[in-house]
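Chains as they are written, first to last, in numbering that gives the first Met the number 0: chain S, 0 to 202; chain L, 0 to 590.
Check the hints yourself; a few may be wrong.
[As the list claims (entries may be wrong)] Cut-off 30 angstroms, straight-line C-alpha distance, at most; resulting in silico cross-link-like pairs (DSBU-like, lysine-lysine): (1) 9/S to 561/L; (2) 9/S to 97/S; (3) 175/S to 100/S; (4) 440/L to 544/L; (5) 432/L to 544/L; (6) 92/S to 175/S; (7) 21/L to 164/S; (8) 160/S to 21/L; (9) 544/L to 31/S; (10) 93/S to 9/S; (11) 9/S to 516/L; (12) 9/S to 582/L; (13) 561/L to 515/L.
No wet-lab data here; the hints were simulated from the structure.
As a plain string of letters, each chain reads:
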Amino acid sequence: MNPFRFLLEKSWQQQTVSGIPEGGEFTTSPYKVALLFFLAVVTVMFGLFITAYFVRMELDDWRPMPESPLLWLNTALLFLSSITLQWTQNVLKKEHFKKLKIGLVLGALLTVGFVYGQVTVWGQMQGEGYFLYNNPANAFFYVLTGIHAIHVLGGLFVWTKTIIKYWSGAELEDLKLSTELCALYWHFLLLVWLVLFALISYT
Amino acid sequence: MTYIPIADQANELHDPHTFISKYVWSQDHKVIAIQYGSVAIFVGLVALFLSALMRLQLGYPDTFSFIDPADYYQFVTMHGMIMVVYLLTALFLGGFGNYLIPLQIGARDMVFPYLNMLSFWFYLLSVIILMASFFVSGGPTGAGWTLYPPQAILRGTPGADMGIVLMLVSLAVFIVAFTMGGLNYVTTVLQARTHGMTMMRLPLSVWGIFVATILGLFAFPALFVSCIMMTFDKLIGTSFFMPAIVSLGENLNTAGGSPVLFQHLFWFFGHPEVYIVALPAFGLVSDVLSCHARKNIFGYRMMVWAIVIIGALSFIVWAHHMYVSGMNPYFGFFFAFTTLIIAVPTAIKVYNWVLTLWEGNIRLTVPMLFAIGFIFTFLHGGLTGIFLGNVTVDLPLSDTYFVVAHFHMVMGVSPVLVLYAALYHWFPKMSGKMFNVTLGKIHFWATFLGTYAIYLPMHYLGFLGVPRRYYAMGNTDFIPDSAQALNANITQAAIFVGVMQLVFIFNVIWSLKYGKKSDPNPWEATSLEWQTPDNPPVHGNWGEKLPVVYRWAYEYSVPGAKDDFIPQSIAPEDVVMEEGAGKYVDRSEEH
Chain S
0 MNPFRFLLEK SWQQQTVSGI PEGGEFTTSP YKVALLFFLA VVTVMFGLFI TAYFVRMELD
60 DWRPMPESPL LWLNTALLFL SSITLQWTQN VLKKEHFKKL KIGLVLGALL TVGFVYGQVT
120 VWGQMQGEGY FLYNNPANAF FYVLTGIHAI HVLGGLFVWT KTIIKYWSGA ELEDLKLSTE
180 LCALYWHFLL LVWLVLFALI SYT
Chain L
0 MTYIPIADQA NELHDPHTFI SKYVWSQDHK VIAIQYGSVA IFVGLVALFL SALMRLQLGY
60 PDTFSFIDPA DYYQFVTMHG MIMVVYLLTA LFLGGFGNYL IPLQIGARDM VFPYLNMLSF
120 WFYLLSVIIL MASFFVSGGP TGAGWTLYPP QAILRGTPGA DMGIVLMLVS LAVFIVAFTM
180 GGLNYVTTVL QARTHGMTMM RLPLSVWGIF VATILGLFAF PALFVSCIMM TFDKLIGTSF
240 FMPAIVSLGE NLNTAGGSPV LFQHLFWFFG HPEVYIVALP AFGLVSDVLS CHARKNIFGY
300 RMMVWAIVII GALSFIVWAH HMYVSGMNPY FGFFFAFTTL IIAVPTAIKV YNWVLTLWEG
360 NIRLTVPMLF AIGFIFTFLH GGLTGIFLGN VTVDLPLSDT YFVVAHFHMV MGVSPVLVLY
420 AALYHWFPKM SGKMFNVTLG KIHFWATFLG TYAIYLPMHY LGFLGVPRRY YAMGNTDFIP
480 DSAQALNANI TQAAIFVGVM QLVFIFNVIW SLKYGKKSDP NPWEATSLEW QTPDNPPVHG
540 NWGEKLPVVY RWAYEYSVPG AKDDFIPQSI APEDVVMEEG AGKYVDRSEE H
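Next comes chain L alone, as it looks inside the complex (with noise of 0.2 angstroms):
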């Protein structure tokens, strides 16, 4: 038999008739993707907050006496693991994967609605667990967003009673999300694409999400095991990871667990999360920047195999993250070897992305202005990156803030940059508001232009050895006291560009209510969400009868066609030439 229509299935639509069961506990795929959106964001500006924070105390230290050395741990590590997986990835995957897959395949919502709220609930229930541990005894976790063991469930190190459990049960809740999420994304972009939508029809945004949730389903069980393995050894005293010690002048009942052996589940993890948030970047940034020049993607077939080889790859470079923790020299050359073959991919990406730039009739939007500004800065740490995969010069800088520095630009900023790009270029859609082009471009430049400030010194600090994970520096030799007037400069971006932000929340608020009503096809783009019958979208997204695909998502600036864009669902017989042109024709015959 066959299993129809769930592209199509009108009858098991759930519609909504009530308040509650429209936007509170909704089936809809936007919906849930607005809300996983709204609470990535919540928890994001939170983690920005913390970041000021630390700011504050590494700028003018001794000045701030609510900032004690725990305070700052607790600061520096609640920021890195929020903003990595709390915000990027439920943003891009939650969010934008909710939002854009059924939409971009033509289906009229995800294959499993029900699963699907049940996610964003899961993810919800994660957060606020988080969120708890800043109100327990002890605050939360200071170990660092890598949680090593021992340190990070010994005592001494802040949140080491209830922080750290905390941290690993939302961290549990989290994957359970995750994979319930997952599951559905992977499920519904191979079994609920419309009439013609071939897998190579697909926009690069799904390719990209596509992808990454697949890296996140394999990836996140090392993560899983890690956290129930390390609150055994937390809670009943066993030694997985803890080794012998001696802690506070007192014998611990542990002995012979491997501390190593977390590290390298816990980058098992970690190394593909780093392409969880970037996939998704690079396939929504690539739809962006064709569609705002006009022009098609550059080599679309070599960006998918791109995505595909990438998300390979990002499973056998682990343990460049662990040079410093020591290993057989033979390791660290295939670590090293593999990490720098992924830069041959991610290179054809970037130029492809230039390419398409090239000779297009380049509209600088303000999504087109993030994305342009994302292919700077995914550039710059790139590069860096670069130095940093070779284990010689990965060694005296592991340390030290060129490594802050490098994965900040590349996956902190770049990743963000497009968020922004995205939300910009989709928030007609979502709202059917247009917002305030005036407040974007402000946002742009002082996001783009402040990150910069930010980061530049940092990789001139890292250079002259000033160590990362340093609460204060006191009295050093080998850094001059410029560091400190340059550190200062750091904060006064910082905050700047924090404070910044508040312009584009204000300027979500603000267009949402006093908003000019937008156009269906603001951006006159090609992809199927822009031809929904409704703007913004209603449940069931396509009214009467399913778009069928007739061609590629990159139809721009076809020659002799009257305009510049010919949408995915319009029939090669009903696309409009200008007199004299001829015929819209097939291409398959020419080569």
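Pulled out of the complex, with its shape left as it was, chain S reads as follows (with noise of 0.2 angstroms):
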């Protein structure tokens, strides 16, 4: 179907109540619509600095950076995390409220985890000499980490929101909705990183 017909409409000619049923009822929350538009703003953001990454990475002052083992390690800690927050959406699908908590805590621990990695990679590089104004190499691998790591908090903040509402008692319907998003976005910021830990390992 076409998903533009809308704009076929002739609304000029209709005179009775039509499209959107009583109360103004949608399908998908809000919610996931906002958020839906937020991945897309970030996609495009990071879209951008990797064009710029491209463009700056032709220029011949271009030194590329070692690559530290534990990003590996980090990567792994992502990618658990992202598994456990499915797992937790699932477990609370099926109302296993007992699963519910350990997935809770183990998706927050697993992203502080992935954070602290990321600071030690950062403390290791300057250990090293590698500093954000040394090369453009460097300074993008510094600008790039962190601006994922800065979302990945932003995650852990509503992430956290989450476990205080179950803790408070939330209606199930409203928890069912937070984890589901919050798992999306964490899908999501993987993703970023694989392009992320992809392009500065392979340029």
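Bring the two chains, given one by one in their own frames, into a single complex with the hints.
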């Protein structure tokens, strides 16, 4: 079906109430719609950073940075946290509340682990003398990982709010929505990270 | 499950009780709109004052000792940036977007009222940071509103110490504010429309604001990215954009960076920004024209499509701002081609506005005067745009006053005329009071004729080759003395127009206090915001029950109907017909 069909409506003809059902019910949560738009905005932002990266890379003072093996561990942590959140969402659907607690806490811990790991990598790199201002490759490394980490922290803030919501006895539907959206956001950030990691490793 | 009734969540309505929660930390879209609007108009007046100072210097060089070259560049920069971002973007989307979206789609508020409030306070913060740059040592940045590196952050450019940093930080904060607001506007339009309000029944104001918001969401990241990278270049000494430079006899630490990369990023934001300002203007002016011409908008569907197409095209024309930076001729050809293509949907819109007036029952009210004035200035500015879209024509004209005249006509004067049309049109709804019509008409004629007196001669100066951005021309052989006389005249006109804007401010303040009480629907308009039970609408907008929508927003002068307008929310069986005119019928069978 053509998704832009609504643009063909001849609205000057009809005189009946049509389209949106009584009370303005929609089948998607507005939070989800807003999140999808937000993900699109973040995609554009990272896309532009990556474009700038490719342009800058071609200029002759570019010296690639060595890759820290710790980044593989961090990747694994983020991957696991993404899976944990998905699992949490699934157990919540089946209403296994015992498992739910594990998922909520484990997801947060793994994510904290990822951010801590990234900070450690920064320390390591600076210890070896790769500072932000030495070379554009370094600058891009710090800026890209930094912006990504800030987005992870933003997600963690919402996840913490979800945990608090659970312990203060929020409604089930509300909780389901929160975990679903968090899981979606985590998958997105994992994807972004994989792209960034590949970019840093192969160039 | 279905997610009900955001349009109608009475329990989530964060009822304000105290003065502070009602007017300061308010989550009501109407209060936030007025907060946004007031701050935007305030900074707009600052920028207007700066332009008067610039004109004094240009009209009477060597006369005003308090304006030195550094000051002049700071005035130019701040004038440009404030007008484009902090006034026009904020007033159209933060102001009118906030006010009109929920009212015109029949919702009680924005979907995320708290985020909406946050958006305003971040905007205010960005304005405060920007204004602070006037008071730091070295003053605000004087790099030009495009902030091109390397000069923007090198010693020798005014405000290269603190001014530029504050500018970049302020922009980043503004973008955060815009993104919060923008997500809200988009989601609200998509998810909070009332019963019967299909997308194609939305008034064009909402369409313009909706598409402009999407453009903003996807264009502002480019500015955000360049701001971040330039801040690093400035503060930490990276070389994202900074090539190897000898500055004031000293080798700088930077090497290898690409200033042209910044230009691409900047204009990837900068060109859609033109349409972020223009599309809401297109939408608002369509509604004003249709209402005061007592005729349905001509070609509604085409108007919507044109908005969408212009929005999409605006992302692939950015390099026409960079012809003089040099590029592969094939790129130049591509960007000239896409640029000229935009003229097609834009021309459709202009024709449709004119055809809306054709055989209408035109009421020359104050908002209508401004709206018709807009058609003139926009046509005028648009035509010079077709000159400048061509690479070979642009190269000699790019650094002259012709460009200044072009962009002021098309995205300075035109959107501002629409803003005035909209402010006068919706003022009775926002305040519940009527403005003074005589003052409004004086304001219109002074602004309309005055801006022509300013910008028409500038085209001529441009053809003579008078370069823009110069503090003073000095003695130049190829420019006749008469150009300076013309410059002085332009300055007189500019100061006159500037002062006449105070008439508007006075009119607003006077009318708020002493204005006649306004009818809830003084213009006899069809769209939902004029059908609210209270005037001005109270918190929650609709009283007990949400309006139900039966038709599009342009049912004016229907043959046989008693009134010459049928509001969107009146059921077909309740429409009063003239005697012997038969029944008011559904027209879907006719074609």
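Here is what the structure says about each hint:
Of the pairs offered as hints, the one joining residue 9/S and residue 561/L holds, with about 25 angstroms between alpha carbons and a cut-off of 30 angstroms not exceeded. In summary, the hint linking residue 9/S to residue 97/S is not supported, as the alpha carbons are separated by about 54 angstroms, beyond the 30 angstroms threshold. For the proposed pair residue 175/S and residue 100/S, the alpha carbon gap of about 13 angstroms is at most 30 angstroms, so the pair holds. Restraint check: the Cα-Cα separation between residue 440/L and residue 544/L comes to about 39 angstroms, which exceeds 30 angstroms; the hinted pair is violated.
At roughly 25 angstroms between alpha-carbon atoms, residue 432/L and residue 544/L fall within 30 angstroms of each other, so this suggested pair holds. Distance restraint check for residue 92/S and residue 175/S: the Cα-Cα separation of roughly 7 angstroms lies within the 30 angstroms cut-off, and the hinted pair is therefore satisfied. With a CA separation close to 28 angstroms, the supplied pair residue 21/L and residue 164/S stays within the 30 angstroms bound. Note on residue 160/S and residue 21/L: the hinted pairing holds, with a Cα-Cα distance of about 27 angstroms set against a maximum of 30 angstroms.
About 27 angstroms separates the Cα atoms of residue 544/L and residue 31/S, which keeps this hinted pair within 30 angstroms; it holds. Taking the CA atoms of residue 93/S and residue 9/S, the gap is near 45 angstroms; set against the 30 angstroms cutoff, the hint is violated. Between residue 9/S and residue 516/L the CA atoms are separated by roughly 38 angstroms; this puts the pair beyond 30 angstroms, and the hint is violated. Distance hint between residue 9/S and residue 582/L is fulfilled; the C-alpha atoms sit about 21 angstroms from each other, no more than 30 angstroms.
Between residue 561/L and residue 515/L the CA atoms are separated by roughly 27 angstroms; this keeps the pair inside 30 angstroms, and the hint holds.
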